[in-house]
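Protein chains: 2
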Amino acid sequence: MVGRFVDVRLMRQTKHSFKLFLCGKIGTTKLLDFQFIERLLKQLERALNKPRQILMSKTEIPQMIAGSEFADGAKKILAGAAEMFALKGYAATSVRQIAEAAEMSVPMVYYYFPGKEDVFKALMEVVMNHVETELVRTFPQDGTLRDQLVHVLDFHVRLGMENPKMVAMMMSTMLGPQEGRPEFPMHEQYEDHIQGIAHLFERQKLRPGMKPRFLATQFLGLKNHVMISCTALEDSRIAHYHDEIRENFSPEGIALMVDQFLFGALDPEGQR
Amino acid sequence: MVGRFVDVRLMRQTKHSFKLFLCGKIGTTKLLDFQFIERLLKQLERALNKPRQILMSKTEIPQMIAGSEFADGAKKILAGAAEMFALKGYAATSVRQIAEAAEMSVPMVYYYFPGKEDVFKALMEVVMNHVETELVRTFPQDGTLRDQLVHVLDFHVRLGMENPKMVAMMMSTMLGPQEGRPEFPMHEQYEDHIQGIAHLFERQKLRPGMKPRFLATQFLGLKNHVMISCTALEDSRIAHYHDEIRENFSPEGIALMVDQFLFGALDPEGQR
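Protein chains in written order, with the numbering used here: chain A, 1 to 272; chain B, 1001 to 1272.
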């Protein structure tokens, strides 16, 4: 995350200690206390002269869980489940593994949730609710259509960049075989999104043949595309694409995507 | 597939017999021989006055396997694996199940392939090679950019519409957790596609700021979006979207997508 050759990852071990991995040039693994890591991160930032991207932002899932309305015990379970689902996928994660990741007993997990599917649903609801609330809260109501679409796309890019494993897990679970796939009423939220975006297009003079709902579907397709591309940032086999993806997903890249969507790829002079 | 209330599905039982499901208004299941089904399909078509969509087209996977250069035994294994992977997903399918679907013994499967991952790779290669060959063979070399992009998108829509379960399986496997995910060098083919599409844009006068490679990435994102949407046609929970998806994926819908991509969503008069 910080620079090209240093990959810093924090993994929670217990409530107050973290495991710090410094790979690449440094290449050590140590069990450390939180204050020490804070100091170390500050040093690293200064040394690498890079903005701090490691601490949690509003689009990070542990942050969303912490801010949700679940009881503390349920929050611990959701955080553990998020870690395990992202790591191993939904199908391969057992309730026992969720319990271990949450540092709780299996019966304690069942005290809060009837089963694995319910943990998954609760987790998806936390993410969806948070995304919706934050998106609405920060939405540029008085901006141009371009500003508004840039905002929606940028928000999802940050979500994907900060939770690539989680996004990959959600996508692969939703696309997975019906057998063993958790039920989740994402469809209602999808309809809300379609109508919300369609509403933005209704107020515009559209190219002949273009309809607001059709454009909303295409825009959500673009949104899904950027989120899926974010998951590629976790795949070391295609590390040679990472710089290109990051460039495309910079504020300039996002604005370019929206311009292409609204005004087209071709030069207006050359258009028929 | 044929009309709104009649869903006809053929499932191969053995080499020369098929199981025919007529659901909805008819609602029967019978084990039938091939000639009988041929006659029945012709009657159905005439009765419903619809084009024949049920027999295999060039974008159906069993057809691709049959046309590949593998030995007959390997083809049987690939056909069985395609069925099982689509039904249960890659992770949940065992070599034993592949053998059963192919009506072969487990050692016989291992005679042709070192393991499950190799069956998967061979299957993906069959699909990718066929797609590439067919796409190049039918490509409108002398057409306009619009014709060419419509062709690429339409080809992939048909592929997705005819193999929704398979597409869902490919997507969910590729996005699945790294642990247990098969290695597959799709990335080389991806780079070829990017460069091929970028080449089409190089010959055009582009909107300021737009670059051929950026546009190629966005167009492949659109292609992935339509293929993922096709998988929704397999999901009965969102049956209320199926008509909308089919309309968007009609030849007119595909042309509209390309027009929006090239010329923009907004009316040229209202554009800045």
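Keep in mind the hints are simulated off the structure, nothing from the lab.
Predicted model, so just to flag it, every value in this text is computed and none were measured.
Every residue, glycine too, gets a C-beta built ideally from N, C-alpha and C.
Please note that a few of the clues may not be correct.
As the list claims (entries may be wrong) - Here chain B is said to cover these stretches of chain A; the calculated rule only asks that three of the stretch's residues, wherever they fall, bring their Cβ under 8 Å from a Cβ of chain B:
id, region
1, 85-95
2, 121-130
3, 216-226
4, 230-240
Each hint tested on the structure:
Residues of the region 85-95 of chain A with a Cβ under 8 Å from some Cβ of chain B number 6, which satisfies the need for three, so the listed coverage holds. Coverage of the region 121-130 of chain A by chain B is violated [criterion: at least 3 residues with CB-CB distance below 8 Å; count 0]. Counting residues of the region 216-226 of chain A whose CB lies closer than 8 Å to any CB of chain B gives 7, so the stated coverage by that chain holds, three being the minimum. Counting residues of the region 230-240 of chain A whose C-beta lies closer than 8 Å to any C-beta of chain B gives 5; at least three are required, and the coverage claim holds.
The structure is inconsistent with hint 2 alone, although it conforms to all the rest.
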